[in-house]
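Engineer: Protein chains in written order, with the numbering used here: chain D, 1 to 282; chain V, 283 to 624.
Hints should not be assumed to be uniformly reliable.
[As the list claims (entries may be wrong)] These stretches of chain D come out as covered by chain V in the derived footprint (C-beta under 8 Å, 3 or more residues):
(1) 168-176
(2) 184-194
[As the list claims (entries may be wrong)] Going by beta-carbon spacing under 7 Å, a handful of chain D positions derived as facing chain V:
(3) V179
(4) L180
(5) G181
None of these hints come from the bench; they were simulated from the model.
We treat Cβ as the ideally placed atom computed from N, Cα and C, and that holds for glycine.
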Amino acid sequence: MAATSRPKATRALALSPLEGFVLALLLLLLAMVAAGPILAPDTVYTSDIVNALQPPSAEHWLGTDDQGRDVFWRVVVGARATLLSALLVVTLYSMIGVAVATIAAAGPRWLDETLMRITDLGMALPSMIVALGLAAALGASLQSAIIAMSLTGWPITARILRAVIRQTSEAQFVSGAQVLGVSKWRLMTRHVLPNSLDVLIVKWASDVSTTVLVLAGLSFIGVGAQPPSAEWGAMIAAGRSYVATAWWTVVAPGVAVAVTSIAFGLLGDIIQVRNDPSLREA
Amino acid sequence: MSMARLDLRSPVDTSGPTPAAGRPLLTARGLTVDMQLPGKKSVRIVDGLDFDIRAGERVALVGESGSGKSVTARALMRLDRKARLSGELTFDGVDLQRLSEREMNRYRGGTIGMVFQDPMSFLDPLMTIGDQVAETLRIRGVGRHQARRRALATLDELGVDRAAERLDSYPHEFSGGMRQRVVLAMAIVAEPKLLIADEPTTALDVRVQEQVLDVLDDVSRRRGLAVLFITHDLGVVAGFTDRVIVMYSGRIVEDAAVDDIFAAPQHPYTQGLIQAVPRIDRVSERLFAIPGAPPPIFARPEGCAFHPRCGQKFAPCALRQPALEPSGAGRVACHLYSSSER
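Chain D on its own, in the form it takes in the complex:
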């Protein structure tokens, strides 16, 4: 059996050049998150004013910032703050979104209506502005930014999932289980929800992409991670005043943000195409 299915399996696993590139980028990011702080020299957090704003050289591949810290290693170390925060934010608000959609679908009609109107309200408000206000109110820090974004990010997830749940509920196996006496709540959590979550996989990947951007944005504005920490948005903010004389202090973390965001965005596209053969080129 293994022998006959092998050719098909290899074809499914074969990576296109783009997929290979994205996978390599993601592995690189993963390596930075995992090993960055271990490999980095101790000096990433200590200032060395004498060597401030040095251009890229053999010693400092991406130069140094206004405190004389190595920009390359700060970018590497910063991956952990940015990426883990983004993953945490997406996980948290996805959980809220899934809970809201499930409760709306399983609960009585008035609850469904109420929750979905609140969702509409949440979608109508620009989440970055709300997150900005909330983070500022909680006191500017990376934690505040994470909490604020988790509390504002869920409406789209809830809205999409509610629609998919409505569709999945029509499936015959749902009425099949209903006929056996399965209660509405169990029907929802054991049968409908597991068969609806796949739509979120694509969304998760592209959500990480936007969250990296917004998180860096909040830090840049000053309500997220605070200056001494090696977070990409905060690094851009710190380097802003020197952009004319020391471009590397801004460009390096900026490119890191862009590349990370693009990599996760493409990951979403790739998952979508792989899941839907009709989108795949012949």
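Here the structure of chain D is known, so what remains is to put chain V in place on it, guided by the hints.
Structural biologist: Same frame as chain D, now just chain V:
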């Protein structure tokens, strides 16, 4: 979970000796189903059905698409939220219309099992076969291991090969016939007293159809399980059931023992249905078909709903609806047999 909830059956005590064959299990009197259609007034889909199903009895509910047979079946389980039931509907002395949704859930799958047409879409694609069959028991408080053991026993009983190895397989790994057996196992694992089978073999090919019917025949005989078989296939009816109820446009037009239905159909509609069955023992140029089509449910003709298509209609047919009255060995709703019209 708790030992106190090990009683898997209905709230009604069934621990005594099996009910004497012949006692009515399910009774419907004047059972009517009105359905609210979007933008329209409510429509009467099923109109005043009177019938009994006895313990262990196998009854076929026959009719064209749109005759209301599936709606009737779903009404017995109170499955349609938009349907309004009226009339009397009792199961083993319990008024099903007065049960709360929670109590009804104990009936569904526990006391009355049901299988549908398409076994492919009836199974949850993300749940293993074993878990799905066991779920009927698990929701009734049976422990994990016991539920699994009973699921396995039921699958074995229904002739699923190597059931023990395949408990952890997913539905897509099974063939159509095997899937229908799994669906059947889900419906009977909690030992219901009545099984409602809504065209369970229609989606299967003929050979598999026969196997599934054999299995169903076996298990209903062994367990004394009453079966309400909903179908439009008279061939299936002939081989499997004791009694046939023929429906037309939401009403019962004839109810008789299976042999009588085939040997001496009374209602012109039943006669037409039987004539329309293709036969290999007779040479014929073309198949017989009843002329015309069933009336739309929201525009039934006056009088007998069948009269515009009937070859034997006479004066009263267009005026009065015939009542379902005893005639011969069964019951028929037709002015030809009505005492008041002769």
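Engineer: Now tell me if each hint is right for this structure.
Structural biologist: Status of the hints after comparison with the structure:
1. Counting residues of the stretch 168-176 of chain D whose beta-carbon sits less than 8 Å from any beta-carbon of chain V gives 5, enough to reach three: the coverage restraint holds.
2. Using a Cβ-Cβ cut-off of 8 Å, 4 residues of the stretch 184-194 of chain D lie near chain V, which meets the minimum of three, so the contact claim holds.
3. At its closest, the beta carbon of V179 of chain D sits 4 Å from a beta carbon of chain V; the interface hint therefore holds under the 7 Å criterion.
4. Restraint check, L180 of chain D versus chain V: the minimum CB separation of about 3 Å is within 7 Å; hint holds.
5. With its C-beta approaching chain V no nearer than about 4 Å, G181 of chain D sits inside the 7 Å limit, and its interface hint holds.
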